[in-house]
Every structure is written in C-alpha cells, then in structure tokens.
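Once you've looked at the hints, go ahead and assemble the two chains, each given alone in its own frame, into the complex.
The lines below spell out each chain.
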Amino acid sequence: MNKNKVSKWLAGVLPLTLLAGSLAACGSGNSDSSASPSSASPAASSGGASASASAPASTDPTQLSGTIKVWDWDEAFDKGMIPEFNKKYPNVKVEVTVVNPNDYLQKLQSGIASGSDVPDVILGEEAYRGKLFDLDVLDNLEQAPYNFDRNSVMDYTIPFISNSKGQVVAVDQAITPAGFAYRRDLAKQYWGTDDPAELEKLIPTWDAFIAKGTELKEKSGGKVLMFPGLGDALLVLRNQNVVSYVNGSDVDLTAKMKKPIDTLFQMRDAGILGKNELWTPAWSASMAKGEFMFYPMAPWGPKWHISANDPEGKGRWGLVKAPESGFARGGTAIGIYKDSKVKEAAWAYVNFAYQSEEGSLFSFKNFGNMTSNKKFYEDQKAVFDAPGAYDEFFGGENLARYYLDKIVPDMKGAPQSKYDSVVDSVMNALYPLWTKDASIKADAALEKFKTEFKNKAPDANVK
Amino acid sequence: MKALVWICLIVISLLSLFPFYIMIVMSTHVTEDLFKGIPILPGDYLGQNLHTVLRSDFLRVYGNSLTVSVAAVAIAVMTSTLVGYAVAKFEFRGRKWLQLFVILTMMVPTQVGLIGYIIEMRHLGVGNTLWPVILVWAAFPFGGFFMIQFIRDSIPNDLLECARIDGCSEPGIFWRIVLPIIKPGLATLATLVFLWSWNNYLLPLVTINKATWYTLPVFISNLGIVHRTDYAARMAALTMATIPVLLLFLLGSRTFMKGLTAGAVKG
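Chains R and U supply the protein sequences, listed in that same order. The opening position of the first sequence corresponds to residue 1 in the UniProt record's numbering, with each subsequent residue numbered one higher. The opening position of the second sequence corresponds to residue 1 in the UniProt record's numbering, with each subsequent residue numbered one higher.
Calculated directly from the structure, the hints in this document are not laboratory data. Just so it is clear, the structure is predicted and the values come from calculations on it, not from any experiment. Mixed in with the good hints, there may be bad ones.
Said to hold, decoys possible - Output of the computed footprint for chain R on chain U, the stretches with three or more beta carbons under 8 angstroms from beta carbons of chain R: (1) 33–41; (2) 108–118; (3) 122–136.
Said to hold, decoys possible - Straight-line C-alpha distance at most 25 angstroms; calculated DSS-like pairs for lysine-lysine: (4) K450(R) with K463(R); (5) K210(U) with K338(R); (6) K436(R) with K450(R); (7) K210(U) with K79(R); (8) K188(R) with K406(R); (9) K275(R) with K441(R); (10) K303(R) with K36(U); (11) K36(U) with K436(R).
Said to hold, decoys possible - Chain R regions said to be covered by chain U (calculated; three or more residues, Cβ under 8 angstroms): (12) 109–115; (13) 282–288.
Where is the CB? At the ideal position from N, CA and C, for every residue including glycine.
Only chain U is shown next, with the shape it has when bound in the complex (with noise of 0.2 angstroms):
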C-alpha cells in the first residue's frame, strides 16, 4: 500500500516537474527544431539564446521586476495587514460595511478600472515610471480580505485583553503580538502577491511605454518578434524568470502551506 502511495507521488511529481523540464531543455535548442517534436535531451543553442536574451537589457529587466515585485509586496503586506487586523478586531462605525466594500472591490474585473487607474497615475506624475505597476498593491482587495480571515481566526480576543491589561500600547500590541503570531499569514500573501506581481502582464503593457522600465513578462513577449518567433530564446528567459519565483517558493514552502491550511480546519 505504501509502495503504491510512493508510486502515484513520485508519478504526480514527474507531471508536474516535466513542464519545467521541458522549458529548460526548450531553451538549448534553435527555434525550428523544437517544432520537429518535444525535445527531450539538451541542444547546443543555449549560448545562443542566452546571448540573444542578454544582448537586448535583460538585466535591467531583470532588476526593474525585483524592484516591482519586493515592493509590491512590501506595500501590499503592510496595508493589507493593517486593514485585516482593524477590520478583524476592532469595533467601529461601518466596520460590516468597510468589510463588505473590501468583498465587493474583489469582485471589480482590474480591466475595468484601467483606463482610469492610468489617468490617476499620469496625474500623480509618475506616468512612464515603475510606479503605476507598484502602487496598484497599494490597495489590495484579496489581500485586505485575507487578512480580515487569518487575523479574525489566528488571535484569540482574549489574548488581545491580556496584552491591555498588562499595559501593552497598541501599537505594542500589533508589533509584539499580533505580527509574530501571524507570519504564516504574512509569508502566505507575500508569496502570492509577489508572483503575482512578477507575472503581471495587462498593467506594465499599458502604463509602461519605455523600454528602459520593461518588466519581464512585456520583456518577454517582445522577444524575437519580427516575422519568426524565437520560441527558444522566450524558453531561455522564461527559465532565468522562473527560478527566483521556484526558489522562493521553496524557501517559503513550510510557512506558505500552514498559511494556505490556517482557518480552514478550526480547532
């Protein structure tokens, strides 16, 4: 029974690995030949693409998504967790409604608000800039949400009483108590938002119009454009732009999974 259960993971394991496989072994070819059939051993090429993917500023690329995406996490953790915990354990005036306006913004398609998220951005000033792709987490509606859940369900009411009682500030009380017990949760979102925001494509397509602020996604999808698509060289960099996200989620694995579990069995 054992070896049946091994058997199915290891064969689980193999379908999904295969994809990245693929992808690296894709991006050791010329183009043409990956239409030839799967390539299942390496090629030759890989020099070839990375000098094709490195010759056009990849680097820079490369950095402006970092830049995009730490950030965006940074800002869309710090505010999110803000409102969740407010949201989550405070009584005020309009609290249900505040909660109910997080809900019903998660239900706005971002395509709707576009044209006019871009209008706000070139009146801020900061057109053409990373920006507009940073700030969007700013308010971050899954994430508000999120935390209301994780911090309603992870800290008990009674331990926030004690902390008063005792004379903790408030703000004490969130630094001291409430963000240590909730760093699965934080770990949880700063995974999402930060792939999230490393794959994002619509927004740096429309705000972005200098190649010198490129994130790698538009990057990506500009490569080898003209009249023949370097599939291999899109392989190439889609390797060297998946492995930061890999790593980090398997860094982040332990704390991510109890984050994904927390609240959904409560004991």
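Looking at chain R on its own, in the form it has when it is part of the complex (with noise of 0.2 angstroms):
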C-alpha cells in the first residue's frame, strides 16, 4: 500500500471507530442513568395541615387560577393527589413531567442556564438537595406570597430545608426518621426476643451493639451476621453524627467521617457485617433469605424497601431503633422557583399535598407518607393509632407510632451543604474497597477519604 492508500484507508476506519466509541459512550450513559434510580431513595410525602402553615395570600381557593409546572418522579403521587387539590382549587392546572431523580439536577441546571423551562414546583432529593439549595434557585417561604412559619413543622426537619444563609427554601415531602428492620424469626431464634422494646434494651449502644453481633455470628455459626454490608452500617453511623461541618469552603472531614469510619471498622473487624454493596442484585435477594438480621429502614421502606424485596416476609419484621439515635435515611425537599410567574398558585399545591390536613391525610392513607407539620398529628392522633398499611407485614406493630414515639424524640437535623452529595460519592466509591481488603485501617482510611474528596472537590480545604 503506498502513502496515499494508507492515508485514504484511515480517512475510511477513523470516522467508524469514532463512531463505535461515541455509540458506546450513548450506551454507558444510558445503563448508568438507569443504574440505581432507587438507591437515591427519597421518603415520600409530607403532610401536616394547620392553619399556622400559612395559607395563599387569596382567601378564597376558587379565585386563584394558573398552570403550575412540576417536575416529579412518583407520578402516582401527583396522579392521586391533583384531583384532590383540584377539589379545593379547581381553576389551578397542575402539569407534571416525569424526571428521573438521577438526572433532575442535569436537566434543571439546563435550564435555567439556557433560560427555557424551568419548573415551578423543584424537587431536591436527598443525593442533591444541598447542591440543589446552593444554586440560589428557590424563594424563600418565609415571606410574601408563602408566609411559611418554620415553628409550623417539626423542629428537627429545619436543617433538612434550608439553605446555608438560613433561609428556609423547601418544604420536606415527607418526614423520614430511620430506625432498623429486623427479622422477627431470627431475633427469636438467637435471642429469644422478637419484641422491639426488648430489642432495644440489647443494643442501646453500638458497643453493645457489636457485642450482640459477635454473639448472634458465633450461635449461628456464621450463617446470621448483623448488616447485609458495609454501606447499610455507615449510612447509618454517617447520618447519625450530625455536625456542621461545611463553612464556605472549610470542610472538617475528619468531624464528619472520623467516628462513624471508626465504629464501622470496628464492626467490620468483628466480623458482623456482610460483603453484600447497597442496592445491588445480592443485596436485595438477603431480605428474603435472612441471612441478615437488620436493615436501615425509614418511613418509606416497608413499602419500597422490606415488602418489596421479600414479599413472602409477611408477619416475620418487626421494627426497632437504632442504637444511641435516629437517623435520617432519604427525604425530598419541595421548593418554589424563584422565578415563576405563578408562585400563588405553585404554593397552593404545594402547602396543600405537603401540609395542608387534607393533602396530609390524603397522602398518608394513601402512600404511607408522613407530613413534617406538627399540628397535623395533633389533630388526626386516631389515625396514627389506628392500624397502618404494613403494619401486619411487621407482626402487627404500629410503624407510624413507633416512629413518631420512638424515634423522632431523638432526632437531629443536619445542615445541608453542597458537599453532602461529594461525601456520598466518596463513600459508596471507598466501602467496597474497604470490604474487600481487611487491611485497610481506620485511620488510613479517614486519609484516603480525604484524598479521595479532594480529588472530587477540588475548591474545599479540607480538614
């Protein structure tokens, strides 16, 4: 072949492999967006009604008129929850758009940078919110046209819903206190209690927590162990230590990530916990086999979560509070554009299905979702007395009284920062390899934590 063959033949193969690569790329895009929509896991709904959670500056629902845009992805939630509100509002138009969680910020930054669509109603889900809050995009709804009052909703979900300025920009779709799904023939069957209030009593602290577990692996000659895997432990231990540690672009790591990364790997040593990474095939299937005696679960999880992945596990759950504290596990914060030109009508719906009594009965008859706003339980005690949806699947324990008795007393709001979803993705990245390799110590741990976020914010000083 002379020179100009060659160069005619590579003229011919370069466009092709250029092709082959950018349809690969298409290819990787679309698997990793459909990855693990669930693994972002938000709790659902909200609630709470009352009449200090602020009503729309128009007195009478009817007179308000408008189309409000919605960016969701639990259709089903607005499906039901529209024809409701329209009851109360029928000349406010709700269109919902359907987003996938893991693309939302994406498709939204888009937007407002190219000035087209942008929604009125935002939703910021748990792996996004402190970015999303960052973005200085929502109004705050403590004043006019909103008048939220924060002393409306429970103390401890504050942080959950403002911004670093202090401002409160959101309201949270749903409470999600988290405490641990246990297997009540296990628990039986190793500590001769399936009752949750005698399980609290063995382990009301993660030493004893450990204790417990070294127990329950020697009885069951390894086939029982505490946790399905790392990352179950430290989403727990992450959420539970709530300190502030983000200032501007101060981020004290080791505040944040030295304790709960201590007691994991203590945990780990022990031998408690299992191979298995979050949300994975392996993982889901360890419901049902009881290979597992606890799972992180909040509000949202017997639904989506527990009866989901072991839908035979009728009768044999039971529900009990993690050690030392609550914790908060996913959680969706609702906020207003602060460019809509329908605000009124934006808030409307969204007081009304997060809020209001109406929209928070409606949504907790119907979805399982518990509102923030305090009155609202005041005022519908019986319902939370009366028998929720799984509470027969949990061996007839009342889920809704034992989180608000039991777990939510305890509970602390972590501030939200933009290097929230940073630390989430150096975790779920690091726990595996921690799994994999036992001599990975604590504290080189902590270390390559640190290297590893600097790495991926490269702007923080990190401590």
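Encoded structure:
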C-alpha cells in the first residue's frame, strides 16, 4: 500500500472508530442513568395541615388560577393528589413532567442556563438537595406570598429544608426518621425475643450492638450477621453523626467521618457485617433469605424496600430503633422556583399536598407519607393509632406510632451543603474497597477518604 | 478445518445473541426475581410488565421516537450527501477549509454546545417540541465527512465529465448518476443515523420537558423509578424498542456492509 492509500484507508476507518466509540458512550450513559435510581430513595410524602402553616394570599381558593409545572419522579403521587387539590382549587392546573431523580439536577441546570423551561415546583432529593439549595434558585418560603411558618413543622426538620444562609427554601415531602427493620424469626431464634422493646434494651449502644453481633455470629455458626454490608452500617453511622462540618469552602471531614469510620471498622473487624453492596441484586435478595438481622429503614421502607424485596415475608419483620439515636434516611425537599410566574398557585399546591390537613391525610392513607407538620399529629391522632397498611407485615407493630414516639424525639437535623453529595459519592466508592481489603485500617481509610474528596472537590479546604 | 470455523462462528454468534435473549427473558419475570440469578427460562410475568409499560403512553412515545428517527435520517442524509458531493467533486475557493471545518466540528463534544443549542432552539420558538431533537441532525459533521470520503472514492471524475459532455444538467447528474452509485453509502449513513437518534438520550433529556414529547430512552429511564426500579418493565420496553432497530439492520445489512467496507480497499 502506498502512502496515499494508507491515508485513504485511515480516512475510512477513523470515522467508524469514532462512531463506534460514541455509540458505546451513548450506551453506557443510558445504563448509568438507569442503574440505581432507587438508591436515591427519598421518602415520600409529607403532610400536615394546620392554620399556622400559611395559606396562599388569596382567601378564596376558587379565585386562584394558573397553570403550574411540576417535575417529579413519583407520578402516582401527583396523579392521586392533583384531583384532591383541584376539589379545593378548581382553577389551578397542575402539569407534571416525570423526571428521573438521577437526571434531575442536570436537566434543571440546563433549563436555567438556557433560560428555557424551568418547573415552578422543584424537588430536591437527598442525593442532591444540598447542591440544589446552593444554586440559589429557590424562593425563601418565609416571605410573601408564601409566609411559611417554620414553627409549624417538626423542629429537627428545619436544617433539612434550609439553605446555607439559614433561609427556609423548601418543605419536606415527608419526614424520614429511620430505625432498623429486623427479622423477627432470627431475633427469636438467637436472642430469645422478637419484641421491639426488648431488642432496644439489647442494643442501646454501638458497643452493645457489636457484642450482640459477635454473639449472633457465633450462635449461628457465621450464617447470620448483623448488616448485609458496610454500606448499610456506614449510612447509619454517617447520618447519626450530625455535625456542621462545612463552613464556606472549609470542610471538616475529620469531624464528619472519623467517628463513623472508626465504629464501622470495629464492626468489620468483629466480622458482623456481610459483604454486599447497597442496592445490588444480592443485597436485595438477602432480605428474603434471612442472612442478616438488620436493615436501616425509614417510613418509605416498609413498602418500597422490605416488602418489595421479601414479598412472602409477612409477619417476619419488625421495627426497632438504632443504637444511640435516630437518623434520617432519604428525604425530598420541595421548593418553588424564584422566577416562577405563578408563585401563589405553586405554593397552593405545595402547601396543600405536603402541609395541609386534607393533603397530608390523603398522602398518609394512600402513600404512607408522614408530613412534617406538627399540628397534623395532634389533630389526627386517631389516624396514627389505627393500624397502618404495613403493620401486619411487620408482625402487627404500629409502625407510624413507633416512628413518632420512639425515633422522632431524638432526631437531629443535618445542615445541608453542596459537599454532601461529594461525601456520598466518595463513601459509595470507598466502602466496597474496605469490604474487600481487610488490611486497610480506620486511620488510613479516613486519609484515603480525604484524598478522594479533594479529587472530587478541588475547591474545598479539607481537614 | 471447516468444522472448526463453523464452531467458532456458532460460538461467537451465540455469545453475541445471548444478551438479547436475556433481555427478552428478563422482560417475562418479576423484577425481584431477576436478582436471584440470571434467568434462563421465560417467566410468566410478561403480561404484567407489558401492562406497566403500555399504561404509561408507550405507544405515543414510540411514535415520537419513530418520527424523530425518520426525520433525522431524511434530514441528515440529505445535507450530508449534498455537502459530500460538493466538497468531493467540485473545485471552489475555500474547499479545503470547508473540509477541515467539517473535521474540526467532529471533534467538538456535543455537550459543549448543548446550552447554546437549547438557547438557539428557544429563540426559534421550537423549545419543548420534537424539533430540537430532529434539527440537530441538519448539521451532522460525521455524515458530511463520511459522504465526502465515500463520494470521492466511489464516483470517478470521468463519469461526471462524460455526463456533462452528453449534456446532462448538474442537478440531473446528481439525481441520475451520483445517487444511484452511492446507494450503499446512503444506506449505511441512514442506518447509523437511525440508530444514533433512536438511542439518543442526553439531548431529549435536556430539551424536552413535556412528557407528551418524550422519546424512548428518556421514557424507559423513567419507568418505575420511585424507590424501586422496575428493571423487568424496563427490559420489556427495551425489547420493544430494540426490535425495529434489529429489523432495520437485518433488512439493510447487505447494503450496510457494502457501505462500511467501501473505500477501505481501492482497486
């Protein structure tokens, strides 16, 4: 082949190679986007009513009109809620666009940057809530026309709905206090009791938890362990460690992660954790198999997490609080776009769906969502005393009451930051390595954590 | 020896077809069962998965994707062929620069121009419709480059000269002589553009904000996303989304292969 021919040949092959490359890239992009939507798993719902939670400026709901745009991933929720809303606000039209939570922020940012479509009602899921607040695109809800009263919601939820300036820019879709779902059959078999009150006494602290875990491992001959993997344990420990670790671009990772990592490594070295990664097929399947005692679970968990993965498991699950304190798992914040043309109508919907008495009641009965509105729990006490949809699945335990009475009181709210999602992604990248390589020690793990964090957030001063 | 070749071919074919088979089988199971191991035999949940897919406007989304892909093919093939013919077969000032420009634009990642493109579409008044996803193919650098190479290699200049001497008009030459000769190239480009626009995810994701105008990839990624991912339903939707592309490839494979190899070896 002469030089000329070679160059022509190259000219033919090169574009095909480029094409193949880009096709492959398209493919992986797709699969990424669909990989773990549920891992984001926020909680649903919300609620609460109460006069103090601010009504839209217009006193007559029928006078309020307009079309509002909502981007949501939970179409079923909106499909159920909108007709209820329209009974009270017949002239407000709600248009819902289904957006995958994994793509939400990218789509929103493209819309804002290009000045094109941006929804009036914006959802911030746990994974990117801090980043969303930091974009400064949500209106301060304590100002007109919203006049939201922060005292109307549970105190511990305020940090979850506030931006770094301390302004309340969202309401909670639902509260997400979490405890542990546990296998009643295994608890009875190895610890002699499946009563939540008794179990609480067995694991009041993490030290006691590790001791019971070691005992469980020995009694079961290593067949039953405490958690399915390091990821489950770490998410509990991290979310329990509520500290204000971000100040501008100063990020105190030692304060945030040292204690969780130390405890995690104690558990790992005691051999009481499985080797599953969160949201993997094996992890999901483990629920039905009965290989692990505990799974961290918030109120959205009975439906979407436990019963979905163990459909035959009716009666063999229970709910108990975690050692030392409650923790938040998941959670979605609902805000209003600051340049929205229909702020009043948008707030009417948000307030109705997530804070009003009617909306909260509908939401709890149909979706199991628990509002953050305090007054709702006083006015609707009977609703929570009555059996809930998944109580039977959990051996007749009143789940809502347990969450409200045992877990919520010692909940603490974590201030939101754009670095939360970085911590999250570093954590998800590293714990599988710690699972595989037992030679890594806690101190080295923390240092690695800091290095990885710096790589992903070069603007931060990490200590 | 021949048997060995056959065995190799059969093994490779099976390996290539296995993922498709698994995709189809997975669409017949409950999502949770998929996690218990790779399912080899079909399950009995296909009806329910189809119901999940179809109850959420799958047919309309399918129609959107078809519209986009067919329009994309028409528009991309037309502009690319015209560009290719002009640059490959006409001498004019700036021809080399034009060719260089086409190659340069190929090297710019789509994401870089994304925001600008959305703003452009908004000013054209076609935001939130299917147009942005179609019009992006009107200036398709790879298509232009491909056709320049293809036409340069497959149309002898003498042939065009003969046609001119015989009195054929320039448009006549293009329609009657050039197009029939480059059919394999057209088929190749058409197949690739169809595939590409059928699978396009990013652009529809950021330009379309109305569920009515969603295309298949965006729709499928939105199936069953609340707390629990309905993989089985997604597999059912993927199966239905893949079949037309497979058919298209099978039908056009002969010309497609010819197009891919054309120009690779020159006699």
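Hinted pair, alpha-carbon criterion (25 angstroms max): K303(R), K36(U). Please report holds or violated. holds, 20 angstroms
With a cut-off of 25 angstroms on the C-alpha distance, tell me whether K188(R) and K406(R) pass. Answer holds: K188(R) to K406(R) is near 22 angstroms, not above 25 angstroms.
With a cut-off of 25 angstroms on the C-alpha distance, tell me whether K210(U) and K79(R) pass. holds, 16 angstroms
Tell me if the straight-line CA distance from K210(U) to K338(R) falls inside 25 angstroms. Status holds; Cα separation ~21 angstroms.
Per-stretch coverage check for the region 109–115 of chain R, three Cβ contacts closer than 8 angstroms to chain U: holds (count 5)
Counting residues of the region 122–136 of chain U with a beta carbon closer than 8 angstroms to any beta carbon of chain R, are there 3 or more? holds (count 3)
Check of the region 282–288 of chain R against chain U for coverage (Cβ-Cβ below 8 angstroms, three residues minimum): holds (count 3)
Starting from K36(U), check that the Cα of K436(R) is at most 25 angstroms away, please. Roughly 22 angstroms between the alpha carbons, so the hint for K36(U) and K436(R) holds.
Between the alpha carbons of K275(R) and K441(R), is the straight-line distance 25 angstroms or under? holds, 17 angstroms
Given hint K463(R) paired with K450(R) - CA-CA distance at most 25 angstroms: With Cα atoms ~8 angstroms apart, K450(R) and K463(R) stay inside 25 angstroms; holds.
At a Cβ distance under 8 angstroms, does chain R reach at least three residues of the region 33–41 of chain U? holds (count 3)
Are at least 3 residues of the region 108–118 of chain U within less than 8 angstroms of chain R when you compare beta carbons? holds (count 3)
Consistency note: the structure conflicts with none of the earlier hints.
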